[in-house]
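A.B. asks: Guided by the hints, dock chain S onto chain X, whose structure is given.
For the record, the sequence lines run as chains X and S.
When you line the first sequence up against this note's numbering, it's residues 180 to 503, in that order.
When you line the second sequence up against this note's numbering, it's residues 180 to 503, in that order.
No lab work stands behind these hints: they were computed from the structure.
Any given hint could be a false lead.
It does not matter which identical chain is meant; a pair holds if it fits inside one copy or across any two.
What the hints assert, rightly or not - Lysine-lysine pairs mimicking PhoX-like chemistry, simulated, CA-CA at most 20 Å apart:
id : residue 1 : residue 2
1  : K423      : K396
2  : K285      : K476
3  : K341      : K275
4  : K201      : K493
5  : K353      : K285
6  : K435      : K449
7  : K262      : K473
8  : K235      : K418
9  : K423      : K435
10 : K435      : K201
Protein chains: 2
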Amino acid sequence: MINVGIVGYGNLGRGVCLAVDKAPDMNCVGIFTRRDPSSIKPIIDVNVYSTDELEKFIGKVDVMILCGGSATDLPANTENVLKNFNTVDSFDTHAKIPEYFAKLDKVAKENGKLGAISIGWDPGLFSVARMIFSAALPDGEDYTFWGKGVSQGHSDAIRRIKGVKNAIQYTIPKEEALAAVRSGSCPNLTVRDKHLRECFVVAEDGADKAYIEKSIKEMPNYFADYDTIVHFISEEELKQNHSKLSHGGFVLRSGKTSDGVSHLLELSLKLDSNPQFTGSVLTAYARAIAKLAKEGKTGVLTVFDIPIKYLSDKSEEFLRSHLL
Amino acid sequence: MINVGIVGYGNLGRGVCLAVDKAPDMNCVGIFTRRDPSSIKPIIDVNVYSTDELEKFIGKVDVMILCGGSATDLPANTENVLKNFNTVDSFDTHAKIPEYFAKLDKVAKENGKLGAISIGWDPGLFSVARMIFSAALPDGEDYTFWGKGVSQGHSDAIRRIKGVKNAIQYTIPKEEALAAVRSGSCPNLTVRDKHLRECFVVAEDGADKAYIEKSIKEMPNYFADYDTIVHFISEEELKQNHSKLSHGGFVLRSGKTSDGVSHLLELSLKLDSNPQFTGSVLTAYARAIAKLAKEGKTGVLTVFDIPIKYLSDKSEEFLRSHLL
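Next comes chain X alone, as it looks inside the complex:
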């Protein structure tokens, strides 16, 4: 059995709980939270501890699944957890991945631990598609589209702005861009050409709405490069109309192997619940990290480094017979 800990208990933490509970080869040792543990009633039967108690579990947990946000939680906390535990996280600020990787790889190697970063569906399964598609069809272009769906990372980033009480952000692919890619014409599209970002924001009483709107629209990495629409609504309206966590998207690669011989490769995901699916992917990679750590591997890995057989609880013989 693989002993797993879950650090953070928001939507993603609940998704991981569900996935670990279903995994036949995993045991959930506990949920670790910065809140008062007694305030949390987990959806599965498991103990809840304060993150202050993490060190008591050294040697008792094979891998910690980190379920904090990418804006501040993971950059602030992963390093400290990784000093004592193998970890998996879903860090999704694409532009900051190289810096995040370098810092954590050093910590992991110094402490003989193994971490996987940027796991989920993007980065994650979509990265796998981009990598394999580009290797299989080098003379081509690839395109990633997201949505329509809520981006947890972007919603989280808005919620951290002064004066924001709550917020939901939808990423919406632009139909004309999608059609151009599917035609095989390999169009040159900017991020702005491809997606619209629509934000529904609940402001605190008396908050400076102009400041909030400007802070969203100018936020680097998250919003500055996009057409962004900001709506201010009531908390009730947000709960009633914007509480679904469905998402999806696709990765396309269009290219040719010789003159006039073209190919179109596509991965698409339609997800009822972004955090539940992301939690399920994190759990599969947690299995891989537990196994690879047992083999003596240290440092930080991404989806590019991990042979996919490690994601399964089945034997190599079974995989070759049934899935190859």
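C.D. replies: Just chain S, lined up with the frame of chain X:
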């Protein structure tokens, strides 16, 4: 530079030639054929040798890409090549993979060589999708559909029947099965429910057509489990109407992470030329085998064992910055 040899020069061998020629980090040492080398005019500027001369290239080729068919060429020849060279092949008789793997893994390890088997799009990229999809969404069902397109392996198998001069086999997905999967109902489908196999056969003069038709329809692994239609046509008709090598298909996985929370994952490929695309995938995995052999790895690998970073000619830093 990675020195590559190409063994076999049919449609697939030509596809590999095109891919190796485009690869910035690869050099094609030669094409090896069982035919008279002077009878072959390669589509790229490269020497052609007899397979009898293979041993002269020991130590001069990092990886041999084997481009023979799965019905007889690969089972007969891979073992001998693998004794002296690292190899990559596209063995696609799914039911016989475990046996083929076991035999070659032993040969590779005894001789300190590294081989990759069953590389292409199915087995190959579709296997990657089946493996990752099932790990990411364990509570679900997956479905693979092929076509409409020519299966080279199945056409090849028909051509080996006594009395057959030429043949082309189309695999055609059944629309009603596809619709059922897309609905999320997780239907229980047999291979017969999913696809039709349509064969266009040119018989030799005086051949026993009833024998040919029976031999096709009852052929284990290839046709016995399917509804199969056999048409006898002239060589001219075959050349005129059935010389396109386009193909495609998709892998779907439908499942849930909790009650009422469903997800649909899909990989689809639309290929103008099956052998050119398969050749391109073989070439990417040949790169991986050359690199892994250099690291001292021996034995036989499949797509489940190879970290995908090895498929690229780019650095790990580049991949993390640009594709993750």
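A.B. asks: Take the hints in turn and mark each one as holding or not.
C.D. replies: Checked hints:
Proximity of K423 and K396 under a CA criterion of 20 Å is satisfied in neither setting, with 23 Å inside one chain copy and 51 Å between copies. For the homomeric pair K285 and K476, the shortest alpha-carbon distance inside one copy (14 Å) is at most 20 Å, but the shortest distance between copies (26 Å) is not. For the homomeric pair K341 and K275, neither the shortest alpha-carbon distance inside one copy (23 Å) nor that between copies (63 Å) is at most 20 Å. Proximity of K201 to K493 under the C-alpha cut-off of 20 Å is restricted to the intra-copy arrangement: shortest distance 15 Å within a copy versus 38 Å between copies.
Taking the closest pair of Cα atoms, K353 and K285 never come within 20 Å of each other, the shortest separation being 40 Å inside a single copy and 53 Å across copies. In this homomeric assembly, K435 and K449 come within 20 Å of each other (Cα to Cα) only across copies, at 11 Å, whereas the closest approach inside a single copy is 28 Å. In the homo-oligomer, the alpha carbons of K262 and K473 lie at most 20 Å apart inside one protomer (17 Å), although the nearest pairing across protomers, at 33 Å, exceeds that limit. In this homomeric assembly, K235 and K418 never come within 20 Å of each other (Cα to Cα): the closest approach is 38 Å inside a single copy and 73 Å across copies.
Taking the closest pair of Cα atoms, K423 and K435 come within 20 Å of each other only across two copies (16 Å); inside a single copy the shortest separation is 39 Å, beyond that limit. Proximity of K435 to K201 under the C-alpha cut-off of 20 Å is restricted to the inter-copy arrangement: shortest distance 11 Å between copies versus 42 Å within a copy.
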